[in-house]
Every structure is written in C-alpha cells, then in structure tokens.
Amino acid sequence: MAKFVVTLRLPDFFDEDFIALIPRHRAFISRLIEDNVIDSYAISADRTRGWVTMNGQSAEAIRAVVEQFPLYRFLRGVEIDELFVFDSKASHFPAISLN
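Mapping of the sequence shown onto my numbering: position 25 corresponds to residue 25, and the numbering continues sequentially without gaps.
Some clues are possibly wrong.
[To be verified] Beta-carbon label-pair distances, calculated as ranges:
hint, residue 1, residue 2, range
1, Gln-57, Ala-27, 22 to 28 Å
2, Ile-96, His-25, 37 to 43 Å
3, Glu-16, Phe-86, 33 to 39 Å
4, Glu-82, Ile-43, 19 to 25 Å
5, Asp-35, Asp-15, 26 to 32 Å
6, Asp-46, Lys-3, 23 to 29 Å
[Claimed, not checked] Subject to a maximum C-alpha distance of 20 Å in a straight line, what follows is the list of computed EDC-like cross-link-like pairs (lysine to aspartate or glutamate):
hint, residue 1, residue 2
7, Lys-89, Asp-39
8, Lys-89, Asp-15
9, Lys-3, Asp-87
10, Lys-3, Asp-35
11, Lys-3, Glu-82
12, Lys-3, Glu-34
13, Lys-3, Glu-60
14, Lys-3, Asp-81
15, Lys-3, Asp-39
16, Lys-3, Glu-79
17, Lys-3, Glu-67
These are computed hints drawn from the structure, not numbers from a lab. Note that beta-carbon positions come from the ideal geometry of N, C-alpha and C, so glycine has one too.
Required output: the full structure, derived from the provided sequences and hints.
So this is what it looks like as structure tokens:
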C-alpha cells in the first residue's frame, strides 16, 4: 500500500454551513484514523491549508476518500502526491524502559 500526502486549500471565509459541518467532518477524520486510512491530519494556524497523510492503493483511491470528506465541497483545491519516504516518530518502536 502506498502513502500519500494530500494538501487541502481551505476557503477564505468560514460561513455557517461550513462551521455546522465541522463536527461531522472531525468524526469522519477520526474514523479514518482508527481505520489506518489516515496517518496524520493537520491544519495551518492561519486556517488556510491542511495536510493529510493517507494510505491507499492509488491517487485515484485517495481522491475518492477525500471526496467523501463532509467539508469537501468547500475546499478551494486538493493536491495529492505519492510519497517515496515518510518517516515519523510514530513509525518507530517505542523507547525501552527498564522500570
């Protein structure tokens, strides 16, 4: 299974319809994290961009999942890039404790 990073461009203004969908969106993202479809999910401090690291068979399969995001219709852009290397602390074995 390949790993992808998805870059999301968020709207300039969050209207009531957008804000109302946030809880549903967060629940959907949490479910994908539990199912190991999403490894990480981040939104920039200025709330203009987001990055999602995802596992899937192809860019098309990843796009099909992203299109199910409750907030998808509000996104101004979506870029999907397959990763060659993805390394993180979470992917390493935990430190050994002799206690």
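Okay, which hints does this one fail, numbers in order?
Result: hint 8 breaks, nothing else.
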